[in-house]
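Q: Just so you know, the protein sequences line up as chains U and F, in that order.
For the first sequence, numbering that gives the first Met the number 0 assigns the number 0 to the initial residue and increments by one for each residue that follows.
For the second sequence, numbering that gives the first Met the number 0 assigns the number 0 to the initial residue and increments by one for each residue that follows.
Please note that a few of the clues may not be correct.
It does not matter which identical chain is used: a pair holds within one copy or between any two.
Below 30 angstroms or equal to it, Euclidean Cα-Cα: the simulated DSSO-like pairs (lysine-lysine) are [unchecked claim]:
id, residue 1, residue 2
1, K160, K100
2, K213, K176
3, K10, K28
4, K46, K10
5, K126, K225
6, K195, K213
7, K176, K28
8, K194, K224
9, K224, K10
10, K104, K160
11, K46, K174
12, K213, K100
13, K126, K174
14, K104, K46
15, K104, K224
These aren't lab readings, by the way, just hints derived from the structure by calculation.
2 protein chains.
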Amino acid sequence: MEAFVILVEPKYAGNAGAVARVMKNFGFKNLILVNPAFSLNEDECRKFAMHAQEIIDNAELLDSFDEALEKVDYMVGTTSIESRDDKHHLRKVFLARDFAKEIYKMEGRVGIAFGREDYGLLNEEIKKCDLLVKIPTSDEYPSLNLSHAVCILLYELFVSKYEPREVLLADGREKEKMYEFFDEFLDAINYPVYKKENTRILFRRVIGRAMLSKWEYHTLMGVFKKAIQAARRNKQ
Amino acid sequence: MEAFVILVEPKYAGNAGAVARVMKNFGFKNLILVNPAFSLNEDECRKFAMHAQEIIDNAELLDSFDEALEKVDYMVGTTSIESRDDKHHLRKVFLARDFAKEIYKMEGRVGIAFGREDYGLLNEEIKKCDLLVKIPTSDEYPSLNLSHAVCILLYELFVSKYEPREVLLADGREKEKMYEFFDEFLDAINYPVYKKENTRILFRRVIGRAMLSKWEYHTLMGVFKKAIQAARRNKQ
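Pulled out of the complex, with its shape left as it was, chain U reads as follows:
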């Protein structure tokens, strides 16, 4: 699957630049503009693109939505407004998150079309799309800024394949060691015996929920060691 971001008749050069930047932020390369109201070399465009100038340099300019249709195997329309068809039935749409799971099953060139800043995609364009994706927004003000709409969709595509870097967590043996230290610590500070059991359970739960990294574990163990030493010294 190769994805193409398609801006249909965008009005503002700054938006195209912001779109290029966010494409690079999420690892996308192919930008197509259908009949933009500006030149890609306008300062606004270049300024908002920041370190994604090459996406602007390589962007493809087309004259019509139909030309864009010829460039792709699937055309995906986007909307943030729940549109109704001629019979006043809700159109069946994918939510952005669900689409992110579907797109990687597709083969070939997938165009993701974003409409004009004011009117979005026209009905006749939507009719030519293979599927329609909705970005959920508040009913009170559903209309997203163009680059924000692109941002969310590409973020969803990126995240659906993202594997977080692993932080090494303290393992079971280490946690047990910490609970032992905590017991010693309670002894050292003469914690009341009748309260011990409950406090021990509470500590175990707190540490369990906190999911300590190895480094956090070692640092806290150092604190316990010092505390136990200090308390014992005072006992003597």
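Given the structure of chain U, go ahead and fit chain F onto it with the hints provided.
A: Only chain F this time, still in chain U's reference frame:
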């Protein structure tokens, strides 16, 4: 839980406006700016805020990050760059999506802090945060536009509570009716008997996967009715 979007020393008025707009897109109201490099009444700010002028009108201006800390019960720092602490261990962070599940368990005022356009949050600010949230991005160009970072985080918070409008699907009885029509249709067009069973199964699977809405069901049934009539007419 009440959420506060906190922009720390933002440089560009347009970004603050774009942030206000996307806050309204996702149903958030409370904006705090710490020591911005511009006035909220600059044209750029008002222009990008579009229909979210009231969020700008009601925004709170503070002089320092410490003042912002006093306004909230939890301070959440955001980053798109995997930061390492003094000991070169990865800091433990929540991914934006995981944070969106956690935040609604919090009670009180939760501040979500976004750093400067160029440097993000400073280390000393991050140290004062109760937790750190990471927006995953490409390693090649991780730095998001400020309003894009806010956009993704608020989108995640919004979506985690979003309930899609239901589209009424064709029910089991209706689908059976359609399979009967399909059988009649195969008869009417003299479809070869030895192929019938497989084609029937195939049709059932295709319709099953397509999850027809009631409206799509009725439209397609109309098509079958006409087709059966036409085929029978030619048979006579």
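Q: Which hint numbers does the structure go against, in order from smallest to largest?
A: 7, 9, 11, 14 and 15
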